[in-house]
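Student: Sequence:
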Amino acid sequence: MCTISFISLFFFSLSSFLLGIIFIMNDYSIFIEWEVVSLNSMNIIMTLLFDWMSLIFMSFVLMISSLVIFYSKEYMGSDYKINRFIMLVLMFVSSMMLLIISPNLISILLGWDGLGLVSYCLVIYFQNVKSYNAGMLTALSNRIGDVALLLAIAWMLNYGSWNYVFYLEVMKSDLEMLVIGSLVMLAAMTKSAQIPFSSWLPAAMAAPTPVSALVHSSTLVTAGVYLLIRFNIVLSSSWMGNFLLLISGLTMFMAGLGANYEFDLKKIIALSTLSQLGLMMSILSMGYYKLAFFHLLTHALFKALLFMCAGAIIHNMNNCQDIRLMGSLSLMMPLTSSCFNVANLALCGMPFLAGFYSKDLILEMVSLSYINMFSFFLYFFSTGLTVCYSFRLVYYTMTSDSNFSSLNMLNDEGWVMLKSMMGLLILSIFGGSMLSWLIFSSPMVIILPYYLKLLTLFVCIVGGLLGYLISNISLFFFNSALNNYNSSYFLGSMWFMPYISTYGIMNYPLIVGKLVVKSFDQGWSEYFGGQQLYYNLVKNSQLNQVLQNNNLKIYLLSFILWIMVLYLYMICF
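Using full-length UniProt numbering, the letters of the sequence shown map in sequence onto residues 1 to 573.
Wrong hints could be hidden among the right ones.
Below, simulated DMTMM-like cross-link-like pairs (lysine to aspartate or glutamate); rule was C-alpha separation at most 20 Å, straight line [claimed, not checked]: (1) K290 / D360; (2) K130 / D146; (3) K290 / D51; (4) K73 / D412; (5) K267 / D322; (6) K419 / D51.
Source of the hints: derived by calculation from the structure; they are not laboratory data.
Make the full structure from the sequences, and use the hints.
Tutor: Spelled out as structure tokens, the structure:
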């Protein structure tokens, strides 16, 4: 089943990419109205929108999912129910397709809910308490967005139909459209894990690594960004743009700081995803939707590759995810390490890799735009933090001595996994330049002062040096991780968000519930009300039972008593 799924998805990916190129060249889009049911005067019409954006995004999702399924053939090979896993992944991909090609809020909700449900099933795939908790946090965080979409659908009853594409331009300053836009923004913030809904993304790393590579790096979490790209007109013409810029900038900053304190390999990459999502959201909120889309595509390539390499490392290290136990992997797993390093450099924005073309363009457009100092600081400091945690990760996994057991099975011979990684490696190197030629028909020449032009490069170099020096154990007399122990309580725990979204929400309802139980269910009202009634009924029925069991004796006794009463009455009167 793996091979069939891989071939079919790969074929669909290539065909939709070629169609996307034709649509870009001819500036062409197709809007399909398919009449599903026609009953008297009532029509149910399914609408589909095929333009260059939906086709290219679809091709990337299909490409990554085909390679992930091929990768799972070996990674999940020992799983007895691997077909069930593949079916879940295919259900996820089909939900994503529905979301991408929908210009209609109803069909978007179908795809959106499909993503949430299948994501929950995949997070709890390894059935243990931690997975269940992570799955519940994921599902409930995303339910807030689902409710926001339902409210947006209800508000769209003010218009003629649910095809939002017809009303965005005309009604952008209308109150109804602002309400719909803000609800859609709330939905996108939950799906793309922006503050205050960030805690579910690192928790969702309880899922198998192929799921992390597909769902929690390149497709599910970018669904929110994609939806906001479609709604960008409403975003840039109201207060929502400024609000989203602040929230996403803080998300980017928070995730970058958190990743520098983390020791779990998958959680570091998850926080890196969160940081990049903040970057996409923030550039989108400034009105540059094409740049956000460009970074969405390039990020999907190198982040999926990064997760695949992490999966290969974890697979070989007997399911160990702690980077402190890794080291000198470049000697024992050279090919995987090469892919890992290329993906890491693409994430940092190394010139002429995929990430450079989108990231450098975004930061230069930020420098060129009218923006306040705080947002400017968040952009560039977060970029520095990205390079910092990437080099910290390279130091811990690649360069230092191996801290794993002396008898280990580290090898680089998972050929199926390596083939899928090599496919993404090629895309991570050439994908950025290819997309920049496709999406931007004329080259963007950005003229900035000398120091501002070199600021991005300077921030990256300083971040990389700091990441390496802070992690280098031999430079410290005391353990370097313990030096930052006190600050890690706040900065390393995502600004207490995992606690706030679990204990913080549960605490007060549980206290109220305890008081209700104490006062009503186990209090005096219960004792004198329901319980007293029950007690009296039981006593009466027991008495009745005694009477019925002994009816002949009681009848004769009552007869004697009756005679005696009658005799006494006659004597007295």
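Student: So if I understand the rule, the pair passes when the alpha-carbon distance is 20 Å or less; does K73 with D412 pass?
Tutor: Holds, because 16 Å separates the two Cα atoms, which is no more than 20 Å.
Student: Against the 20 Å threshold, does the CA-CA distance of K130 and D146 hold or violate the hint?
Tutor: 24 Å, violated
Student: Mind checking the alpha carbons of K267 and D322 for me, to see if they're no more than 20 Å apart?
Tutor: 10 Å, holds
Student: Please work out if K419 and D51 have their alpha carbons no farther apart than 20 Å.
Tutor: Outside the cut-off at roughly 31 Å; violated.
Student: For the pair supplied as a hint, K290 and D360, confirm whether the alpha-carbon distance does not exceed 20 Å.
Tutor: With a Cα-Cα distance of about 14 Å, the restraint between K290 and D360 holds, given a limit of 20 Å.
Student: Please verify whether K290 and D51 have alpha carbons no more than 20 Å apart.
Tutor: 14 Å, holds
The structure shown violates the earlier hints numbered 2 and 6.
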